[in-house]
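Each protein sequence line maps, in turn, to chains C and L. Numbering follows numbering that gives the first Met the number 0, with no gaps: position 164 of the first sequence is 163. Numbering follows numbering that gives the first Met the number 0, with no gaps: position 70 of the second sequence is 69.
Since the hints were made in silico from the structure, they are not lab data. Be aware that one or more of the hints could be misleading.
Calculated cross-link-like contacts (lysine to aspartate or glutamate; reagent style DMTMM-like; alpha-carbon spacing at most 20 Å) [stated by the list, open to error]:
#1 Lys40(C) - Asp36(L)
#2 Lys161(C) - Glu120(C)
#3 Lys40(L) - Asp36(C)
#4 Lys40(C) - Asp97(C)
2 protein chains.
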Amino acid sequence: MRVVKLGGSLLRYAREILPVLREHEVLIVPGGGVFADAVRKVYMEHSLDESAAHFMAIAAMDAYGEFLSSVSGIPARQALEGSLPAVLLPYRLMRERDPLPHSWQVTSDSIACYIAALLGEKHLVILTDVDGICVEGTLVDEIKADQLDKLGETCVDAYLPKLLRRYNITCTVANGRSTEVVKALLRGEAVGTKITP
Amino acid sequence: MRVVKLGGSLLRYAREILPVLREHEVLIVPGGGVFADAVRKVYMEHSLDESAAHFMAIAAMDAYGEFLSSVSGIPARQALEGSLPAVLLPYRLMRERDPLPHSWQVTSDSIACYIAALLGEKHLVILTDVDGICVEGTLVDEIKADQLDKLGETCVDAYLPKLLRRYNITCTVANGRSTEVVKALLRGEAVGTKITP
Numbered sequence: 000m001r002v003v004k005l006g007g008s009l010l011r012y013a014r015e016i017l018p019v020l021r022e023h024e025v026l027i028v029p030g031g032g033v034f035a036d037a038v039r040k041v042y043m044e045h046s047l048d049e050s051a052a053h054f055m056a057i058a059a060m061d062a063y064g065e066f067l068s069s070v071s072g073i074p075a076r077q078a079l080e081g082s083l084p085a086v087l088l089p090y091r092l093m094r095e096r097d098p099l100p101h102s103w104q105v106t107s108d109s110i111a112c113y114i115a116a117l118l119g120e121k122h123l124v125i126l127t128d129v130d131g132i133c134v135e136g137t138l139v140d141e142i143k144a145d146q147l148d149k150l151g152e153t154c155v156d157a158y159l160p161k162l163l164r165r166y167n168i169t170c171t172v173a174n175g176r177s178t179e180v181v182k183a184l185l186r187g188e189a190v191g192t193k194i195t196p
Numbered sequence: 000m001r002v003v004k005l006g007g008s009l010l011r012y013a014r015e016i017l018p019v020l021r022e023h024e025v026l027i028v029p030g031g032g033v034f035a036d037a038v039r040k041v042y043m044e045h046s047l048d049e050s051a052a053h054f055m056a057i058a059a060m061d062a063y064g065e066f067l068s069s070v071s072g073i074p075a076r077q078a079l080e081g082s083l084p085a086v087l088l089p090y091r092l093m094r095e096r097d098p099l100p101h102s103w104q105v106t107s108d109s110i111a112c113y114i115a116a117l118l119g120e121k122h123l124v125i126l127t128d129v130d131g132i133c134v135e136g137t138l139v140d141e142i143k144a145d146q147l148d149k150l151g152e153t154c155v156d157a158y159l160p161k162l163l164r165r166y167n168i169t170c171t172v173a174n175g176r177s178t179e180v181v182k183a184l185l186r187g188e189a190v191g192t193k194i195t196p
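Let's have the full structure, built from the sequences with the hints guiding it.
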């Protein structure tokens, strides 16, 4: 199995990416996208506390997950275990287990990593709308989690490096806007940036 | 107990309304508000099917419910039964029972009515951002559900009149922007529009 987080920024590419993913035994973890943006806006404008915003943003992941399932025919499910491919709706599980800090540093990247850990996976794929991690403006093939931790804001969330280390998981960040990149990734080729624990 | 649906359009008034409601044994059913607006936008722009949009919009109700709970201290819960006051997060229940058509005619008004019916209540309050139901531009004190059904678009959803008749529930639609109206309503005074089954 592969755990593949599909970023919210890829909403408009979902109809191209998902037919590629559905040929594989993947568990797709949705981002939050425009639904989480609405949460963030309310959080900013109405002095909401981060704990409420955390669960609201995870409800947003379910909304995006329903979208991904609907446009692809890949079944959506709330349960961790089940047949593949599937889109995971993580809200129920995350409310029940509540394992991560309630902070905007923890987004769907960290949640996807936690899901991978629960499943005993040692690899996580994050599909986003950029080619990978850049250091001083240059795309890097590989980076250690602790180096990433020192970079400040990147295309993955700030808590992810900690979780990759904690669970000893390697993460590939790649550009989901290109189906060729996604296909290459699924063939096992090196694309994007590999973050090592 | 009273089942009170708090419209998404009242988000900015929530901090005034909720302290009034929390003094009473109410079950608050959230609207979808800006979170459901994000779902509707994706639905329109990406030719989404109504079934997916239905559950996405209910996930949006949970997001708004978390917001209402957070700004008021009123506990949020997924379970139908429990202590009051409470904010109901209906997504889990609605996914499990799935009792209503998957259509934009069914929104949080209909869902609140269904919740009231499940609880054996014969009265539902809908707090929204207008004074009640208007017929030809004039606010009416009372209207039969089947008359309402013929009005076309009103401030409540199109499926609500059917459910009020089916479950024999009376619904008061009132303006939540005024805490005086909400207080009067909770004292049992006639405010807004009463929809009779």
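Hints, verified against the model:
As the CA atoms of Lys40(C) and Asp36(L) are separated by approximately 13 Å, the hinted pair is consistent with the 20 Å bound. Taking the CA atoms of Lys161(C) and Glu120(C), the gap is about 16 Å. The hint holds against a cut of 20 Å. Proximity of Lys40(L) to Asp36(C) is assessed by CA-CA distance (about 13 Å); at most 20 Å being required, the pair is judged to hold. As the CA atoms of Lys40(C) and Asp97(C) are separated by approximately 23 Å, the hinted pair breaks the 20 Å bound.
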